[in-house]
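Here is what each chain is made of, one letter per residue.
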Amino acid sequence: MNNEDDMNQSSEAELADQGYSAAGEVGLLKARRTVSENIWRGLKSAPPSAIFGMAVISIYILIAIFARLLAPHGEAEIFPMSYAPWGGEFLFGTDQLGRDVLSRLIYGAQNTVGIAFVTTMLAFLIGGSLGIAAAINNNSWVDNLLSRSVDVLMAIPSLIFALILLSMFGATTINLILIIAVLDSTRVFRIARAVSLNVVVMDYVEAAKLRGEGLSWIMRREILPNIMPPLVAEFGLRFCFVFLTIAALSFLGVGIQPPTADWGSMVRETAGLIQFAEYDLTAAMTPMLPAAAIALLTVAVNFVVDWFLHKSSGLKDEQ
Amino acid sequence: MHPVIRTILQRLGLGLVTLFVVSLILFSSMEFLPGDFGEAILGQSALPETVAAFRKELGLDLPMHERYLDWLRGMLTGDMGNSFSGRASSGNDRSRAVTELIAPRLQNTLFLAAMAAIISVPLALFLGITAALYRNSIYDRMVNAMTLTTISFPEFFVAYLLILFLSSFTHLFPSLANIGSDVTFWERVYLSFLPALTLTLVIIAHMMRMTRAAIINLMATPYIEMAELKGLPKSEVILRHALPNAWAPIVTVIAFNLAYLVVGVVVVEVVFVYPGVGQLMVDAVTTRDVPVVQGCAMIFAATYILLNLFADIISIITNPRLLHPR
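Keeping their order, the protein sequence lines are chains A and B.
So that you can map any letter, position 84 of the first sequence is 84 in the numbering used here, and since no number is skipped, the others follow by simple counting.
So that you can map any letter, position 265 of the second sequence is 265 in the numbering used here, and since no number is skipped, the others follow by simple counting.
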């Protein structure tokens, strides 16, 4: 730390020799802390709940990436023993078809979390770009048309809407991703439009327009960097929502289809075991494992988003 | 025109437009069925005449706008068409009317939702008010932590936790709510206790936090400070002075959450095999029984839209800034 201060001072002295320059001044401020130092400073001030949340999320990501290496058996590999007890070759037993529950849990991290992540990204791509575009063309017919149709779409409960659309197009994973992404992009559209409205009135946006920059440049280079913090927090919340919706739909049997390992459908398939809690507690835990995996990730993301919102907006709990 | 009436009329208009759009989407779900769906439903050995008769029953020989008007008229008069299931390739039609399928189940669903509302609303108000009263105490923190946890759990996780502890271990309540037609009222309450409790836990957090926030917001105002300086006991300050002004946001959030019940009920009904509309709809989606999906979705969407409209209107008419414009 001390060393760096010295270095900064010496570079300051050099600058003084060369004469003043605004760019140098800015560069000096920037050089004082690198990005990784800034991130580290932020992390050090994080409350325990946020650190717990980040730890859980990183573990999930690692499991999802290295699922193939971690899983002891294949995703849909069927063994001759259905409903095998815990322990031995199958740590968490096997399900009704004789598939290893532990392996399916690990692959489930890849499938369930991956599909939810892709869906949320798609929702942000659609909703975010339309929202910013609508804010730039504020009060034009495009803006009005988009806003009114979003109003109408949001007035229909999204789970019911998803069920209708799935019955129309058939319940496949691709359809699921597209349907949830479109339904969720309405919420993203609202928030992206609302926060961009405050930015589009700025002089630098006007300057960029006068400079003759295209719509996509203004969206990406002028507005997007300035609305990042609320969008990132919203991404966390929307991810939770999408994740829970997909889990609920899979649980209902109309989401991610077998033999893809997925936590929602795993709960549904082994739910019957819960009746035997008195005789074999571990067997009753089999459907609870994927359900708990879903709950834990949601709680973790919520903790991190809470902290991030608190930090980025200076939002204080009501006192 | 008085601005309040104008805003309410606007909201009513938006509600009607939304219902219209929902009906259009539901109607067009029939259009997206693959071309040979007549054979898919009636079986491959279906006679061409049977398929033709089936298509004629659905009115596929008419132009689209006529079919829509016809379908809409049916929906409004309670005729939602016949289910796809129960049709045989021989032309022997044993399908049941959608209304006939939905009616008894709708009663069950409404019973469950009402029960959840009766438990959760007073409980949420009580917890919210006491948490505001003993703000930052251990009690407040505990209630907050509990509600935050239940809000981020998936419904089926809460449901299975309850089954595990209240049914599998202790045998206090049945884990399956198989409600027949001959159960008495109290048996019905007993059978649907666990599903109602699950729904309660899912919606209580939001209501409780809004109640707490609304009251804490008001506690910072000068007239409450005055009441405190007068030496009134804290409970009286909250119940007689703060609460009347906090009703508007609380009632709004209650109505929004009752609307949410409509959606939450689907998953919970499936977990407990509760014979309600949600379960019927999920089954119909898996078998792509479009008329049944249309009927159930129309009921869910209409209830949701109406409750939200109701919440909107309450928040408008209880807002003094709108009632007495300058």
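Incorrect hints may appear among the rest.
[Said to hold, decoys possible] Derived list of chain B stretches under chain A, where covered just means 3 residues or more per stretch with a C-beta under 8 Å from a C-beta of chain A:
#1 12-26
#2 68-78
#3 97-110
#4 279-288
#5 293-303
[Claimed, not checked] To list a few chain A residues with every Cβ distance to chain B over 12 Å, as calculated:
#6 Leu43
#7 Ala46
#8 Gln96
#9 Asn138
#10 Leu146
#11 Arg190
#12 Val205
#13 Leu249
#14 Pro259
#15 Leu281
Bear in mind the hints are in silico, worked out from the structure with no lab data behind them.
Keep in mind that this is a model prediction, so the values were computed, not measured.
Backbone N, C-alpha and C fix where the C-beta goes; we use that ideal spot for every residue, glycine too.
We went through each hint and held it up to the structure:
1. 12-26: holds (count 8)
2. 68-78: violated (count 0)
3. 97-110: With 0 residues in contact (Cβ-Cβ under 8 Å with chain A), the coverage given for the region 97-110 of chain B is violated.
4. 279-288: holds (count 6)
5. 293-303: Answer holds; 4 residues pass the 8 Å Cβ test.
6. Leu43: holds, 23 Å
7. Ala46: The assertion about Ala46/A holds, with a minimum of 18 Å to chain B.
8. Gln96: holds, 17 Å
9. Asn138: It holds; Asn138/A is separated from chain B by about 21 Å at its closest Cβ, greater than 12 Å.
10. Leu146: holds, 15 Å
11. Arg190: holds, 15 Å
12. Val205: holds, 31 Å
13. Leu249: For Leu249/A, whose nearest Cβ neighbour in chain B is about 9 Å away, the distance does not exceed 12 Å, so it is violated.
14. Pro259: Answer for Pro259/A: holds, closest chain B Cβ roughly 17 Å.
15. Leu281: Not fine: 9 Å to the nearest Cβ puts Leu281/A too close to chain B.
Violation of the numbered hints given earlier is confined to hints 2, 3, 13 and 15; the remaining hints are satisfied by the structure.
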